[in-house]
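Chains as they are written, first to last, in our numbering: chain A, 1 to 442; chain B, 1 to 442.
Among these hints, one or two may not hold up.
Which copy is meant is left open, so a pair is good if it fits within one copy or across any two.
Calculated pairs, PhoX-like style, for lysine-lysine (alpha carbon to alpha carbon, straight line, at most 20 Å) [unchecked claim]: (1) Lys263 / Lys64; (2) Lys320 / Lys305; (3) Lys396 / Lys320; (4) Lys264 / Lys64; (5) Lys426 / Lys375; (6) Lys43 / Lys426; (7) Lys80 / Lys43.
These aren't lab readings, by the way, just hints derived from the structure by calculation.
Number of protein chains: 2
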Amino acid sequence: MEPTTGDLTDPLINHADGQLFLHEAFKIIVEEVLCKGTDVKEKVCEWREPEELARLLDLELREKGEPQENLLQRVRDVAKYSIKTSHPRFFNQQFAGVDYHSLAGRFLSEALNTNLFTYEVAPVFVLMEAEVLRGLRALVGWTEGDGLFCPGGSTSNMYAMNLARYRLYPEVKSQGLRSLPQLTVFTSPESHYSVKKGAAFMGFGMDNVILVKGAVPFLVSCTSGTTVQGAFDPLDLIADVCDKHKLWLHVDAAWGGSVLFSKKHSHLMKGVHRANSVAWNPHKMLVAGLQCSVLLLKDTTDLLKKCHCANATYLFQQDKFYDVNLDIGDKSVQCSRKVDCLKLWLMWKAVGSAGLEQRVDKAFLHARYVVDQMKKREGFQLLGDVAPVIKERMMKQGTMMVGYQPLGDRVNFFRITILSPLVSQKDMDFFLDEIERLGNDL
Amino acid sequence: MEPTTGDLTDPLINHADGQLFLHEAFKIIVEEVLCKGTDVKEKVCEWREPEELARLLDLELREKGEPQENLLQRVRDVAKYSIKTSHPRFFNQQFAGVDYHSLAGRFLSEALNTNLFTYEVAPVFVLMEAEVLRGLRALVGWTEGDGLFCPGGSTSNMYAMNLARYRLYPEVKSQGLRSLPQLTVFTSPESHYSVKKGAAFMGFGMDNVILVKGAVPFLVSCTSGTTVQGAFDPLDLIADVCDKHKLWLHVDAAWGGSVLFSKKHSHLMKGVHRANSVAWNPHKMLVAGLQCSVLLLKDTTDLLKKCHCANATYLFQQDKFYDVNLDIGDKSVQCSRKVDCLKLWLMWKAVGSAGLEQRVDKAFLHARYVVDQMKKREGFQLLGDVAPVIKERMMKQGTMMVGYQPLGDRVNFFRITILSPLVSQKDMDFFLDEIERLGNDL
Numbered sequence: 001m002e003p004t005t006g007d008l009t010d011p012l013i014n015h016a017d018g019q020l021f022l023h024e025a026f027k028i029i030v031e032e033v034l035c036k037g038t039d040v041k042e043k044v045c046e047w048r049e050p051e052e053l054a055r056l057l058d059l060e061l062r063e064k065g066e067p068q069e070n071l072l073q074r075v076r077d078v079a080k081y082s083i084k085t086s087h088p089r090f091f092n093q094q095f096a097g098v099d100y101h102s103l104a105g106r107f108l109s110e111a112l113n114t115n116l117f118t119y120e121v122a123p124v125f126v127l128m129e130a131e132v133l134r135g136l137r138a139l140v141g142w143t144e145g146d147g148l149f150c151p152g153g154s155t156s157n158m159y160a161m162n163l164a165r166y167r168l169y170p171e172v173k174s175q176g177l178r179s180l181p182q183l184t185v186f187t188s189p190e191s192h193y194s195v196k197k198g199a200a201f202m203g204f205g206m207d208n209v210i211l212v213k214g215a216v217p218f219l220v221s222c223t224s225g226t227t228v229q230g231a232f233d234p235l236d237l238i239a240d241v242c243d244k245h246k247l248w249l250h251v252d253a254a255w256g257g258s259v260l261f262s263k264k265h266s267h268l269m270k271g272v273h274r275a276n277s278v279a280w281n282p283h284k285m286l287v288a289g290l291q292c293s294v295l296l297l298k299d300t301t302d303l304l305k306k307c308h309c310a311n312a313t314y315l316f317q318q319d320k321f322y323d324v325n326l327d328i329g330d331k332s333v334q335c336s337r338k339v340d341c342l343k344l345w346l347m348w349k350a351v352g353s354a355g356l357e358q359r360v361d362k363a364f365l366h367a368r369y370v371v372d373q374m375k376k377r378e379g380f381q382l383l384g385d386v387a388p389v390i391k392e393r394m395m396k397q398g399t400m401m402v403g404y405q406p407l408g409d410r411v412n413f414f415r416i417t418i419l420s421p422l423v424s425q426k427d428m429d430f431f432l433d434e435i436e437r438l439g440n441d442l
Numbered sequence: 001m002e003p004t005t006g007d008l009t010d011p012l013i014n015h016a017d018g019q020l021f022l023h024e025a026f027k028i029i030v031e032e033v034l035c036k037g038t039d040v041k042e043k044v045c046e047w048r049e050p051e052e053l054a055r056l057l058d059l060e061l062r063e064k065g066e067p068q069e070n071l072l073q074r075v076r077d078v079a080k081y082s083i084k085t086s087h088p089r090f091f092n093q094q095f096a097g098v099d100y101h102s103l104a105g106r107f108l109s110e111a112l113n114t115n116l117f118t119y120e121v122a123p124v125f126v127l128m129e130a131e132v133l134r135g136l137r138a139l140v141g142w143t144e145g146d147g148l149f150c151p152g153g154s155t156s157n158m159y160a161m162n163l164a165r166y167r168l169y170p171e172v173k174s175q176g177l178r179s180l181p182q183l184t185v186f187t188s189p190e191s192h193y194s195v196k197k198g199a200a201f202m203g204f205g206m207d208n209v210i211l212v213k214g215a216v217p218f219l220v221s222c223t224s225g226t227t228v229q230g231a232f233d234p235l236d237l238i239a240d241v242c243d244k245h246k247l248w249l250h251v252d253a254a255w256g257g258s259v260l261f262s263k264k265h266s267h268l269m270k271g272v273h274r275a276n277s278v279a280w281n282p283h284k285m286l287v288a289g290l291q292c293s294v295l296l297l298k299d300t301t302d303l304l305k306k307c308h309c310a311n312a313t314y315l316f317q318q319d320k321f322y323d324v325n326l327d328i329g330d331k332s333v334q335c336s337r338k339v340d341c342l343k344l345w346l347m348w349k350a351v352g353s354a355g356l357e358q359r360v361d362k363a364f365l366h367a368r369y370v371v372d373q374m375k376k377r378e379g380f381q382l383l384g385d386v387a388p389v390i391k392e393r394m395m396k397q398g399t400m401m402v403g404y405q406p407l408g409d410r411v412n413f414f415r416i417t418i419l420s421p422l423v424s425q426k427d428m429d430f431f432l433d434e435i436e437r438l439g440n441d442l
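Construct the entire structure; sequences and hints are all you get.
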């Protein structure tokens, strides 16, 4: 029981009780999420209709607290009814799999609970983030530059837009867009929707993505690894055009960036060193865990800080006793910023660049294997729009998960996302067999 | 050792090895961060100059991986040289303290590693986020409405600006700001810098925060709990003006919002139910852990979705087998969005609204106690700018941490942030004694 409020002599939290709870919760996490949740003999999901699930979870928040045993049962329930994204048969999206070193780094980040804005409160992480960014920039081909971890690729893409317009018209920061000519973003129809969302959010307007006659193009946003088809834009060709017209070249490599670890596949991003900025999500192909997204910049003129600084005196005092350039918080539009570098750093230390390369290469091998096998199977000539029905069956049976969508005027197709280092050939075979089994009567 | 890439029969990750590492890392986290890190006999920080720290941590990322024992030592080193923000003598910022139920929720969120954008991949968390938002809205005084967890208060504030301009001029989404009259944000000089940063990022321009003659005011941003002085704007009075002129009233209650749990102190936000939107960071006074920030909305017209949707067909298929209104991802400008509700939900379940009220009340009692004691001590009449020197001494000795800054034309003063449920009267006394001791000869 917690003591009464009026008493100042005791703290409100008891460490022994708290740590006991944490130990018990940790055991449940290992058992339910990491052991059962990755076991092919167990389900990927335990489907429940929303009304039933709400009832099972007893979500209501009440005036009184609950005993520890109840709370541990809640931890079990949350684990039970959540999707097992680390399961080898989760092909649904680009965050499949688990890396234990990354996960340990994430637990440590959570326990340390600090804020990546000053050296004062995050000495280790200010230096670590700089080193991880340096390592990623080196893969892009830059020996200098800048960058930042952002809460997801959409934010990284918005940062690039903001920097590009600021470089062209620094007065935008104080005066806003109304004092500028109409600005336009060029991107392909297959680019991620965040380019359009960002354009709306930042005041350009979604209509000004693609092409408006008479407007001033200020940014070309290429994609390395499109969301649906995994296509790579020809960066070298586009860079030629950007060079000629002095346009900011941004590469949205949220999904595809990790090919830069691979000697075999990095050619897909040939010319990336000519970009001004690159967005790259190690929480996708590298399995670093959500959220882990970086914006990398070639710029060496401190554009990131100039563009975003507001010089808050309560955080960024200039009379500190250490080098205040280590207080990186004014580079961000966020104030509180989570530590997202440690998990990637620890994982990279654990397997080395060589280990990460191996993961990327294996993901490509798996994809190739599935395509080859699919061609050999007669049933894989889809006649109508059967994907939604097959999806419902697989989720209700919980055997696997894979996403579908239409493309252009073609009907729905399955988009199998293969990246988890936990999968192997038998999981690919299972995928094909299972699609056949579930759609057999259609 | 990891197997070679060419072999598709085995996965790249060994669960037994990985889980062993995770267990060992968990032990270190408990020992170093949660036991030693909260022990008043241990230091709050282990100060090192940046060059020395970089050397001690051996940050460089290499081609080859490392043995597990090395990696565990790295976990120990990161813990050792990081700031102990849960230590009872960390008064430096608004993320002090630790709650074990929240921390268990954070570990579980990390292990489940899913994305809060569709019911399909986050069934538990879609329903849970809705319930937590409902509970927080009820404290604001709203029985209906909408909302979202955002990556920090700055983002919540930007969302409010975007919604306010969209309500006034829906065409801004497609056409951008250039088709609109100059828009202005009203806010106080003591408001958080994120209002200005947001205005720059979203294309209004920082000059258009405060007041520009001839411009169209579209949003008033009040503050409940200013960053430096903890002041509360008079919401009822400001709401009268907003009502009259039909302005969007946003309340930045990132810091102060938690007073709504307290019968004794909720009067500080009297009138908050008249606002259109409220930003509130439970990662501050409620100790829910970074990042935990919500935007609450009174709107019942689906403005959040209308304003932000891009209708990506690969995520938000309309032919799904369940109610697609549960796919909340298009309310956000993010695509990947971390699960930030579970930690708050589990903590709330654990101590109830009553327990959270007690924490808020106790934080106020602690603050009152320090002020009363300070008045009794003669030495607390500062004569010159001694804060930077005292700060350097306290960090190099590692005895405690507290922030300082100037205010108006006054010299630097210490801003003591008291919120951790781990502190008690002796920590307040220590704070006062220590400031005296460190500044004794100045």
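Against the structure, the hints come out as follows:
1. Proximity of Lys263 to Lys64 under the C-alpha cut-off of 20 Å is restricted to the inter-copy arrangement: shortest distance 15 Å between copies versus 58 Å within a copy.
2. When the C-alpha separation of Lys320 and Lys305 is checked against a cutoff of 20 Å, the pair qualifies only within one copy, where the shortest distance is 19 Å, while the shortest distance between copies is 44 Å.
3. Taking the shortest alpha-carbon separations for Lys396 and Lys320, only the inter-copy value of 13 Å comes in at or below 20 Å, while the best intra-copy value is 59 Å.
4. In the homo-oligomer, the alpha carbons of Lys264 and Lys64 lie at most 20 Å apart only across protomers (18 Å), although the nearest pairing inside one protomer, at 59 Å, exceeds that limit.
5. For a Cα distance limit of 20 Å, the shortest separation of Lys426 from Lys375 inside one copy, 17 Å, qualifies, whereas the shortest one across copies, 73 Å, does not.
6. Taking the shortest Cα distances, Lys43 and Lys426 sit within 20 Å of each other inside one copy (16 Å), while across copies they are farther apart (52 Å).
7. In the homo-oligomer, the alpha carbons of Lys80 and Lys43 lie at most 20 Å apart inside one protomer (10 Å), although the nearest pairing across protomers, at 40 Å, exceeds that limit.
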